[in-house]
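Chemist: Below, each chain spelled out in residue letters.
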Amino acid sequence: MLTWLRERIFQWHEGLRQRPFWRLVEHFGTRIFQTGSESGDDELDLGIGTMFALLASPGAFASMFLFDKYSSLIRFIRGNAPFDPYDASLPDSYFFIVFSMVITGAVTLLKWDVIFPDRRDYMNLAPLPLRTRSIFLANLLAVVSLAVLFAIDVNAVSSVMFPVLVNLEHGTFMLFLYFAGVHMLSVLLAGLFIFFAMFALIGALMLALPRRLFRRVSLYLRVAGIMYLLTLLVTSFAVPTVLRHLHGTIPLRIYLLPPAWFLAFSRVLVGRATPELSALARFGFTALLMVIVTALVLYGASYRRHFTHIPESTDTALKKRFSRRWILNPLSHRWLLRTPFQKACYPFILRTLMRSERHLLFLGAFAGLGLVIASQDLLFGFSHQAGLSSSVPSTSLLAIPLVLSYFLICGLRFVFEMPTELRANWVHKMIVDPEKHESAAVSCKVILTFIWPWLVLIALPVYAYYWGWMIALEHTVVVLLWSWCLTGLLLLRFRKIPFTCSYPPWHEYSVVLVVFYVLGLYFFTTVTAGIEVRLLPHPVRLAIFVAGVFIGWRMLMKHKAPTPFEQRLIFEEQPVSPVETLNLFRS
Amino acid sequence: MLEARGLTKCYAGIPAVDNVSFSIRPGEILGYLGPNGSGKSTTVKMITGLLEPTRGEVLLHGQSIKNDLMAYKKRLGYVPEEALLYPYLSGWEYLEFVGTLRGMERPCLKVRIDSMLHLLSLYPHRHAPISAYSKGMRQRILLIAALMDDPEILVFDEPLSGLDVTSALLFRKLVKQLGQRGKIIFYCSHVLEVVEKVCTHLLILRQGKLIAYESVNGLQKITGLPSLEDSFSHFVEEKDAEVLVGDIVEAMRA
Chain Y
1 MLTWLRERIF QWHEGLRQRP FWRLVEHFGT RIFQTGSESG DDELDLGIGT
51 MFALLASPGA FASMFLFDKY SSLIRFIRGN APFDPYDASL PDSYFFIVFS
101 MVITGAVTLL KWDVIFPDRR DYMNLAPLPL RTRSIFLANL LAVVSLAVLF
151 AIDVNAVSSV MFPVLVNLEH GTFMLFLYFA GVHMLSVLLA GLFIFFAMFA
201 LIGALMLALP RRLFRRVSLY LRVAGIMYLL TLLVTSFAVP TVLRHLHGTI
251 PLRIYLLPPA WFLAFSRVLV GRATPELSAL ARFGFTALLM VIVTALVLYG
301 ASYRRHFTHI PESTDTALKK RFSRRWILNP LSHRWLLRTP FQKACYPFIL
351 RTLMRSERHL LFLGAFAGLG LVIASQDLLF GFSHQAGLSS SVPSTSLLAI
401 PLVLSYFLIC GLRFVFEMPT ELRANWVHKM IVDPEKHESA AVSCKVILTF
451 IWPWLVLIAL PVYAYYWGWM IALEHTVVVL LWSWCLTGLL LLRFRKIPFT
501 CSYPPWHEYS VVLVVFYVLG LYFFTTVTAG IEVRLLPHPV RLAIFVAGVF
551 IGWRMLMKHK APTPFEQRLI FEEQPVSPVE TLNLFRS
Chain G
1001 MLEARGLTKC YAGIPAVDNV SFSIRPGEIL GYLGPNGSGK STTVKMITGL
1051 LEPTRGEVLL HGQSIKNDLM AYKKRLGYVP EEALLYPYLS GWEYLEFVGT
1101 LRGMERPCLK VRIDSMLHLL SLYPHRHAPI SAYSKGMRQR ILLIAALMDD
1151 PEILVFDEPL SGLDVTSALL FRKLVKQLGQ RGKIIFYCSH VLEVVEKVCT
1201 HLLILRQGKL IAYESVNGLQ KITGLPSLED SFSHFVEEKD AEVLVGDIVE
1251 AMRA
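The listed protein sequences derive, respectively, from chains Y and G. Going by this note's numbering, the first residue of the first sequence is number 1, and it counts up by one from there. Going by this note's numbering, the first residue of the second sequence is number 1001, and it counts up by one from there.
Quick caveat, the hints were computed from the structure, so don't treat them as lab data. Keep in mind that the hints are not guaranteed to be accurate.
Said to hold, decoys possible - Dumping the calculated DSS-like pairs for lysine-lysine here, alpha-carbon to alpha-carbon at most 30 Å:
{"no.": "1", "chain 1": "G", "residue 1": "Lys1074", "chain 2": "G", "residue 2": "Lys1197"}
{"no.": "2", "chain 1": "Y", "residue 1": "Lys343", "chain 2": "Y", "residue 2": "Lys445"}
{"no.": "3", "chain 1": "G", "residue 1": "Lys1197", "chain 2": "G", "residue 2": "Lys1176"}
{"no.": "4", "chain 1": "Y", "residue 1": "Lys560", "chain 2": "Y", "residue 2": "Lys436"}
{"no.": "5", "chain 1": "Y", "residue 1": "Lys429", "chain 2": "G", "residue 2": "Lys1197"}
{"no.": "6", "chain 1": "Y", "residue 1": "Lys111", "chain 2": "G", "residue 2": "Lys1176"}
Fair warning: this is a prediction, and the values are worked out from it, not measured in the lab.
Isolated chain Y (complex conformation) (with noise of 0.2 Å):
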């Protein structure tokens, strides 16, 4: 019977295969997983299993962080008060709605460029006789398809396992099943909802704006696009408790917050919606049928001059780059870059990140993330006036700029080890000599770069203007003095040129590096600010502290120095071996 079965399957599939417009919606399926460069060896290719696999782990991770919350046993051991489920459970739906919003988002940002047929596209499928109708359906079919299937996936593990948490003790298996069928119709909704408000972003932005002023401005959305989400997933914390307590008028920002409508649809199916709660559910649900319509006349409004016009785009390619000369050239060659290796290497690492959008969108998640940390700590010590008036700022205000600089040298360290156009480095490889590189110092200069300008043109006159020149200049000395040890730490032993090596084992020790970083961002600012906070009024003592701290990182650096041989430039990384020597002849 299964055998049957299986070739019935089969012969279904091989037949709606050798059908032309199917044949198309799978290759536009498939093409949004395999993308990349000729070579394919610049790319992360992690696969379509593994990619659904680690979408779908977050959600049964956080599903089962709640079962303490829900477990009579425990509550009991506690010795909390009777609880109703249902109404507890309100925080953790807002945070699954938010979740997957977050996934299904941060999935299409990263997917942006492939939503649409590219050049590769037209040149091979222009040709063949294919309408331009078919191409266009076949393409928007795949993608909603698989916009769909990303949001079961990433709500699938939770859209069992939290029902079941909830209905653990006093529900029947038909309640069970209901409130997972609400869970599940309600955090889909919201992963359709935010796939289809990118969707037609990206549609009005090809429509309105020329290709290279798409181009440039897409990447800037994209950047501000995970700012968004993660703002959304912090919002997990405070709306919950305000949905809640939701009487009257409903406040602007909470119409603003689509993770509250979806909520509101929620608890409008389970029955313990307010008429606040249902007013927002209305809303909610008017605003995704807008949405999805918008998404669809703009996507096939914008399809057409995308795709029709590509090869007028290719044949008037050859365009003057806007020639932007260092006005500081001279004063840098002479005082900051002062060996040919550093000279060439610098301008290279920087252009090469300025114009590259896959490593530039990262290093915006980064930095992205520090924004959202720093204007927590932002709301967080102006809400408190004492942090404001007082003769020092507070942990919270001193943390910011310790915060960006942490996200903007991490983020940058990352992105060093991401390659771009691998097949180039052979100029490196030709030229360089790999015993006498400076790619460590070069790597200094470039983050330092990215740090050094903002914290004494930004930071400084405005702790200046709340706090005075004394307390400013300290703090601005302590975050610079910390950014030059944090950036020495991340390279000490970095021996390649940024983005010419292939990818490191990263999945080998991806737990460890998470751990670390985390770490590292409690001690670069939490540590350091509480100390500052103290220190900051007495100088004398804080100048002690910061010799202390950088004499102690000079001798770490000097000891843990490379020899000439871990010395040696790479232009390929070697797997980790699996068998290690105890080296004991070592020099």
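Start from chain Y and add chain G according to the hints.
Modeler: Here is chain G on its own, set in the frame of chain Y:
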């Protein structure tokens, strides 16, 4: 007969191709020549229906190709200048994909792909991803994709790019035989030696304008020069090559 009448394409009002007319009868091979930026690729895109002319039209057997573009594309095989293939597909998968989209019957498609892969020495590598293919291998895949549906019209845009000597020789003979079998062939190339040996007619373009359109022998008679290379230089070179070379060597020392 494939005919171009007063083909003109303007970008921002500037003509990339300006009032170019020619015709190719079945069995004829038209060599399309010109220096870089002369408008060759733009013409190719108009001939293949990828680009709409600003003025003029392309006709097949007296009918504008715009009347039934799908039917025209079904009769057209095209080898583009740039081998932009899907790197994650294997050579076999790519050809099967193209064949399916062309509406070829499954059994016929499989037989043709396999036999052509064999004949062009790609069969052992048919399951390797295209990302691992050399430039010449990619070019051969493009060639198979263009030929496998036995099209009536063939448009080659720099087809020898990346091919080794043996493959290039094979290709040259193939084009000649396809011409003898009555195909309409439009051959755009920089390799003058091949164009001279393969094509029946030549068209030279300079800055988008047609400056010569003759049979190969006719062109040599007009210029009175012994080879096509000399004739081509006579039409398109603005500065004496010897002087230019001298200037380059001087610039190296500057």
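Chemist: Determine for every hint whether it applies to the structure shown.
Modeler: Here is how each hint holds up against the structure:
1. Lys1074(G) to Lys1197(G): holds, 29 Å
2. Lys343(Y) to Lys445(Y): holds, 11 Å
3. Lys1197(G) to Lys1176(G): Between Lys1197(G) and Lys1176(G) the Cα gap is close to 9 Å, so the pair holds against 30 Å.
4. Lys560(Y) to Lys436(Y): Measuring from Cα to Cα gives roughly 19 Å; hence the hint holds.
5. Lys429(Y) to Lys1197(G): The hint is violated at about 42 Å.
6. Lys111(Y) to Lys1176(G): violated, 46 Å
Violation of the numbered hints given earlier is confined to hints 5 and 6; the remaining hints are satisfied by the structure.
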